Structures are given as C-alpha cells and as structure tokens.
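Residue numbers (the working numbering), protein chains in the order written: chain A, 1 to 412; chain B, 1 to 412.
If you are wondering where the hints come from, they were derived from the structure by calculation, not from laboratory data. Quick caveat: nothing in here was measured; it's all calculated off a predicted structure. By construction, the Cβ of each residue, glycine as well, lies at the ideal position given by its N, Cα and C atoms. Please note: incorrect hints may appear among the correct ones.
[As the list claims (entries may be wrong)] Stretch by stretch, here's where chain B covers chain A in the computed footprint (C-beta under 8 angstroms, at least three residues):
1. 55-62
2. 304-315
3. 375-385
[Claimed, not checked] The calculated label-pair distances, taken between Cβ atoms and stated as ranges, are:
4. B:Gln202 - A:Gly275: 52 to 60 angstroms
5. A:Ala366 - B:Asn155: 23 to 31 angstroms
6. B:Gly275 - A:Tyr80: 55 to 63 angstroms
7. A:Ala366 - B:Glu82: 53 to 61 angstroms
8. A:Leu362 - B:Gly74: 24 to 32 angstroms
9. A:Leu362 - B:Gly368: 37 to 45 angstroms
10. A:Glu44 - B:Gly275: 41 to 49 angstroms
11. A:Phe376 - B:Asp367: 30 to 38 angstroms
Letter by letter, the chains look like this.
Protein chains: 2
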Amino acid sequence: MPRELFTVRTPPEALRILLEALGPSEPRREAVETTDALDRVLAEDLHAANDLPDFPRSTMDGYAVRAADTFGAGEGLPAYLEEVGEVLMGRSADVHVGRGQCARIATGGMLPPGADAVIMVEQTQEAGGSTVEVLRPVAPGENLVQVGEDVRAGNLVLTRGHRLRPQDLGGLLALGITQVQVARRLTVGIISGGDEVVAPDQEPGPGQIRDVNSYTLAALVTRAGHRPWLVGVVPDLFERLEAAAREALPRCDVLILSAGSSVSQRDMTADVITGLGKPGVLVHGVSLRPGKPTILAVAANKPVFGLPGNPVSCMVTFDLFVSPTLAHLVSASTPPRQVVTARLERNVASTTGREDYVQVRLERSADGGLVAIPVFGKSNLIYSLIRADGMVKVPLDRGGISAGETVDVVLF
Amino acid sequence: MPRELFTVRTPPEALRILLEALGPSEPRREAVETTDALDRVLAEDLHAANDLPDFPRSTMDGYAVRAADTFGAGEGLPAYLEEVGEVLMGRSADVHVGRGQCARIATGGMLPPGADAVIMVEQTQEAGGSTVEVLRPVAPGENLVQVGEDVRAGNLVLTRGHRLRPQDLGGLLALGITQVQVARRLTVGIISGGDEVVAPDQEPGPGQIRDVNSYTLAALVTRAGHRPWLVGVVPDLFERLEAAAREALPRCDVLILSAGSSVSQRDMTADVITGLGKPGVLVHGVSLRPGKPTILAVAANKPVFGLPGNPVSCMVTFDLFVSPTLAHLVSASTPPRQVVTARLERNVASTTGREDYVQVRLERSADGGLVAIPVFGKSNLIYSLIRADGMVKVPLDRGGISAGETVDVVLF
Chain A
1 MPRELFTVRT PPEALRILLE ALGPSEPRRE AVETTDALDR VLAEDLHAAN
51 DLPDFPRSTM DGYAVRAADT FGAGEGLPAY LEEVGEVLMG RSADVHVGRG
101 QCARIATGGM LPPGADAVIM VEQTQEAGGS TVEVLRPVAP GENLVQVGED
151 VRAGNLVLTR GHRLRPQDLG GLLALGITQV QVARRLTVGI ISGGDEVVAP
201 DQEPGPGQIR DVNSYTLAAL VTRAGHRPWL VGVVPDLFER LEAAAREALP
251 RCDVLILSAG SSVSQRDMTA DVITGLGKPG VLVHGVSLRP GKPTILAVAA
301 NKPVFGLPGN PVSCMVTFDL FVSPTLAHLV SASTPPRQVV TARLERNVAS
351 TTGREDYVQV RLERSADGGL VAIPVFGKSN LIYSLIRADG MVKVPLDRGG
401 ISAGETVDVV LF
Chain B
1 MPRELFTVRT PPEALRILLE ALGPSEPRRE AVETTDALDR VLAEDLHAAN
51 DLPDFPRSTM DGYAVRAADT FGAGEGLPAY LEEVGEVLMG RSADVHVGRG
101 QCARIATGGM LPPGADAVIM VEQTQEAGGS TVEVLRPVAP GENLVQVGED
151 VRAGNLVLTR GHRLRPQDLG GLLALGITQV QVARRLTVGI ISGGDEVVAP
201 DQEPGPGQIR DVNSYTLAAL VTRAGHRPWL VGVVPDLFER LEAAAREALP
251 RCDVLILSAG SSVSQRDMTA DVITGLGKPG VLVHGVSLRP GKPTILAVAA
301 NKPVFGLPGN PVSCMVTFDL FVSPTLAHLV SASTPPRQVV TARLERNVAS
351 TTGREDYVQV RLERSADGGL VAIPVFGKSN LIYSLIRADG MVKVPLDRGG
401 ISAGETVDVV LF
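Bound-form chain A, shown alone (with noise of 0.2 angstroms):
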C-alpha cells in the first residue's frame, strides 16, 4: 500500500498544519514608485497626511452662496443676489461673498469665503446686469463636498497585506504618495521530474512526452503574482532529484516538486523532501480528487510541494495548498480569485468525507443565466483542462451535486 495512505488529511487541515508549521510570516518589503505597484501586496498600513480635499469643493457648476439668503426662494418668489466675482479654478478664491451676494463657480471650484452653499446654474436666471435670480432655496453644505469629505487627515487608508487595485493607486497619488513598502515577490522554484519528460521544444521519443506542468505552475506563479524559477526537468533517479532539490532550496521561497504520477516516482519524492530538513513531509496524501497524493512538507523554515503529476490535480493542488501558502507569506489577505455562479447542469456523484474538484464548461442559458456543464475527462488529461472554464467543488459532507442546484465555479 502507497505510504501516502496512511494518514489522508482533508484539505482544510491539510493547509492548516501547514500553515501553522511556517508560523507567523513577515514578509521582506520594499519599497517601489506607487504608480508601478499595480497587485502588489502592501506591507506597511498607510495613513493619510492631509485632509482629502483640503479644500471645500463646488460638485456643481453655478454659484456660491449663503444658503440663508435663498431661504423661501421660488419661481414665483425669486431671491436676487448680487454677482460680485468668479472662482477660478485651481486657484484660492480671492473673492468674498457677503450677504446677499454670489460668486460664480464651476464644477470641482474652491468654495470662496463667506459662501457656504452652490446653487446649480439650471435653478438660476441672469437678472440683467450683475444680478442673479435664485428660483429654489439651497441647505448650507449642498452641492459642496467639505474638507477632509473623501479622506480626514490620520485617517487609515490601506492596511498591510492589501492587494492594490487600479483605484487604490489613485486614491494613494491623490494623497501624495508615491511611494509604498510592499512584499517582495516571493520566488517559486519548480523542478519536474520524471524519466518519460522532454522539454517542449524537443521531439518526445517512443515513450516520452513534453514537459506540461512546469510551464502551467510557472504561469500559475507569475497570475499569483510571484515569480517562477523553472530549475529544470530531473530524471527518476533519488541522487540527481535530491541534489537538483537540495541545491534549488537556498535559493527559492517556496519549493515545488512535480513528480511523475507512478507510487514509485511520489515515495522517491516523499523521500526527497524528508531529506531535504526538518520538519520535512507534514501531509502525505489528502482526501481530495483529484489531487489525492499531494505531499506538503516544510524545510528551512520554507514551504515545500510535492504535486502530483498529472495535469488536472496539478492545477488543483496549487490552487488549494499553494496559492494560499503564497498569500500567507506575503501576508495578503486572500489570493485573487475568480468566482461564478452558476446552475449545474447534471448530476455529479462524489463520495462522502472527499472534496471532489469537477471541471466544468459555461453557457449562458435562455434565461440570461450561467449554466455549468460538467467536462468530464481523466485528470492526465491536459485538454480537458482547456475545454472547461472553471472548477466546482463537491464538499467533503455531500455525497455529490443534482442537476439544477445552483453552484460556485471558480474560474481558472
């Protein structure tokens, strides 16, 4: 019997030991131009030096007012303000507004002083000469947003671990920052082994095939944000995978080894992993499908992968033990993920106390909704992996899926 048998972990516990054998994690920073750290991972909190706006700004182009003086104002009963100036814009409103008297402001203009109001030019009518007619009255504060509105000044804007989004760049630019602490990017080493490997641009011999799963977790790393070091394709020989293991491990943040599929090639890397330090191999064997031989191991304080070889459990293994061990070393709160929700189109049968990954395809159906067909293939299959665009999971309490209950199906 295969030694990974022996004690099978469900997923959930199986990230847990793990995480908790790494510990608490702080991630190496630094620092870089804010315009360029689009999904890095903040690793400082950011706090705002100034009030956003610092200024009171009109959100309406009319006029600035004293809102008492509108007061009972009305198409039958119009209130008539003297214009005494204009608010140019992007420059301090150098003209004041006594009582019963305006200032012509457009959109994003500084409130002058002594206005505490902007009345919309549409519910004003020039008057002839200087004076305004004001047909509707206008609350103190209307049309205004106030200093410190959008940000106050100490204000906790980004908290550490953050991934930073298109609209956090702005906002972090808008308050003159630019610059920030991130996580460094982590660099994931991937050694694939196996006897039957050829790199891709070789022609596979009788009985070989081309190196797939390297160049998919390389992707998977770079889409997490982080950054692959491919080292290279190792025969099925313990000295040459022990040595390539143990020569890439000082040199990576995290190490993943994508064995072959036989039991022979996962106890060697088993086997390779023990030897590589202390804790070593912590999960051997998960109650998942597909992805069940999944080794999780740390060494040198670092994490360790062993994945299964085959194509689909690959691909589902990173998702479910990887990514998140990423996330956890650069502290970020969550990995990217894509989520749909959608109708199963079909039954899916699965087996109580596994979580089953099923590969799906989606169609729009008549109703405008999404519908998730099941593609259902072998996990050594590459294309099937093509053909569908997402994964529903099966929990580990249900024995499978009917046709017609509504699913998540995260995107891949």
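Knowing the structure of chain A, use the given hints to seat chain B on it.
Just chain B now, kept in the frame of chain A:
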C-alpha cells in the same frame, strides 16, 4: 443646457454605435514565445500537429495484460499470468505481451505491444517465481489513455481571440507549439485636463488637487493587458488641449481625454475631439449614473473617449466602454471580469430608463453567503471607490433594487 443632454443614449446603444463606427478589427500581431504568452490574446487558430498522447499510456501502476486473459478472474479463482518483463518510463516498450503473459508497467508508461489493458497492482498478487495472480477482470482499454484521447492530430485546440491561461500554455507546449501569434498590446494615450490638477509628486496650491484619474486609468489599461501612455496634464485652454490631442493621436491606438467635471471643460473636450477628424463625436451623453457626460468618438479610425472627470464615473465608464472597445480591437471575445453573487443589504433607488452603478462593500453573512452593502458616496470621492469591493448594476428598466434581492457584484 449642456449639449450632452440633447441625445442621450443607453449604455448598450452607445457602445454599439462606437463599435459599429470602428468596424471589424484586424489586430496587428506579433510572435511571442508560448512561455511568455500568459494573458495575451491569440491572433491565430491553433491546431494539433500530432496526437496527444501519441502512444497508449498507462494511468495506473500495475501490469500490462491481454484483457481476455483476465475474463472470469476473481478472488476465489485468480487468473495466472507470466511476468515477461517491465516497461521502463520514457522508453519504447520493448517487451511483447503474448497470451497468458503480462509486463510490469507504471503510471505514464507506454503500453507494450500485444497488451490491450492494464490491471492495477492492488488487484494482483505475486505468486512466486515470475507468476502473477490476477484477482479481477479488466476490460480492453481499461486504465489506459488511448492515442489521441487528449487531442487528435489536426484538431482545433485554441481559437483566435482566446486569452491564454496557465493551462493553455501547458497544453500548447505539450504539442510542441513553442511560439504563438498574439495581438499586439494597444497603446492607450491618456490626457488629463484641468487647471486645478497637479502631478502627484507636487504639493497642490490653494484650490488645486493631485491627478487621480490618469493613474487609475493607466492601471486599468495595464490590467486589461495593454500599454498606458501618460501624455500629461494639460490646462483648460482649448489650444493647449487640442495641440496635446492632435500630437498624441497618431502615436497611440486609443486616446482617452479625462477632462474636468465642469460643463465648460466637458464642452471643450467635445470640441477638441470634433476637431480631430471624422466621424468625430458619436455619443455625447449616456443614460448612466455615474458617468452621464461620457463622450464616445472615432477619429483617424481610432476610438477616442472623453471620460467624466470624477473618479467613480471614470472607472464605471472605463469598464462599460473602454474595456470592451479594447477587447474588440484585439478581437478578444470578452474582457475578463470578476463577478460574485450577493444579497443586497438595503434598498437602492434608481430611475427607470437609466443604468445606475452602485458601489458596494462585501461581507460574509452568518449563513456563509455574501451580503452587498451599498457604499453611498458622491461620485467625486476617490475613497468611496477604495472602501468598496465592487459595483452593482441597476438595469435600465428597473426603478431600483429591493433589500434581500440577489445581485451580481462586479468586483474591481
């Protein structure tokens, strides 16, 4: 009355008018290494040059057999086979399996000539010498991946317009496709207008604010897979804005003018765009909130956008108009979007005949589902965008959405 209010279009109409004026697109292509092609858009259909796998592969550790030799076998009445050799990984199977014979094979190994199935090692027993007891029958083809079962030679594997995912790269490399033709990234020029706008590294004077939209837009362009080009901040002078736009247009594929929010700034933007060439402004005003004063135009066969100056409108209109236009220009099927389903926490009011986009925060409810909590804030506040996780659309034909309804939240 501002000119934009004369012919207001619905958002779908507005986009259709723009895309029709652009006509069918023939993206410029470039060749890239498949390993560097993550998230790029294919500019060619790709076919398999050979079968995958191109030899029958075992999916189990066990013995290659003639299925007929195992018919009727059981625990009580095993079939006895003679082990005549072993298939080595990555080698041609040089052993022949005759009647009553078997050969050791590991997962991924090549089925030897003569054999037509594999029996799992768990369903056999060594009986001394070279004799193997088979305790269960197998059907022909069992525990095998057949030649071409993953992909057949000549099959269309990926189509033009497809955005390449990690598994696609793996699948292409498995077929030896190491280079692909992809659509060239588009250069998107971004001009920011406004006398009140200063660069983020400058200290704003009285009445001034730092540029927010240029950098948010640049990051949105990057995220869409294209190349932003920040032309710069231009003051509110027709001649200056016109000169900047005229100079930028020939040097980019798409031009965005992110003008100020006042009517005079918007009208100036429209006039500048009109002067860039035929057909000029196609849409000026969309039944949309926020984002009504959007300008969609074509000049020199290139899309030109006049986006509203406030940050929330800017982001909504990028998503509704710029993003699908970029996808159209590179013939990509759809821009990638992240959507989750949630229950709306409170009533949201709108007006029939107008599409509203409401910013929401997401929280997990006690039952594990997501709750969308509207973040009410003026659309000129950048931090309301930062506090939100996504947007909910109130469709054209709805006067609002009630608390408790299920809504799609487009994450940003």
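Verification of the supplied hints:
1. Counting residues of the region 55-62 of chain A whose beta-carbon sits less than 8 angstroms from any beta-carbon of chain B gives 4, enough to reach three: the coverage restraint holds.
2. Remark: the region 304-315 of chain A is confirmed as covered by chain B, as 3 of its residues place a Cβ nearer than 8 angstroms to a Cβ of that chain, reaching the required three.
3. Against chain B, the region 375-385 of chain A contributes 7 residues with a C-beta closer than 8 angstroms to a partner C-beta. That satisfies the three-residue criterion, and the hint holds.
4. Taken as a hint, the range 52 to 60 angstroms holds for the pair Gln202 of chain B and Gly275 of chain A, whose Cβ atoms sit roughly 58 angstroms apart.
5. In this structure the supplied range 23 to 31 angstroms holds for Ala366 of chain A paired with Asn155 of chain B, their Cβ-Cβ distance being about 30 angstroms.
6. Gly275 of chain B and Tyr80 of chain A have their C-beta atoms about 40 angstroms apart, which leaves the hinted 55 to 63 angstroms range violated.
7. At about 60 angstroms, the beta-carbon gap between Ala366 of chain A and Glu82 of chain B stays in the expected band of 53 to 61 angstroms.
8. The hinted window of 24 to 32 angstroms between Leu362 of chain A and Gly74 of chain B is violated, with their beta carbons roughly 44 angstroms apart.
9. With their beta carbons about 23 angstroms apart, Leu362 of chain A and Gly368 of chain B fall outside the hinted range of 37 to 45 angstroms.
10. The supplied range of 41 to 49 angstroms is met by Glu44 of chain A and Gly275 of chain B, whose beta-carbon atoms lie about 46 angstroms from each other.
11. The hinted window of 30 to 38 angstroms between Phe376 of chain A and Asp367 of chain B holds, with their beta carbons roughly 31 angstroms apart.
Hint violations for this structure: numbers 6, 8, 9, all remaining hints satisfied.
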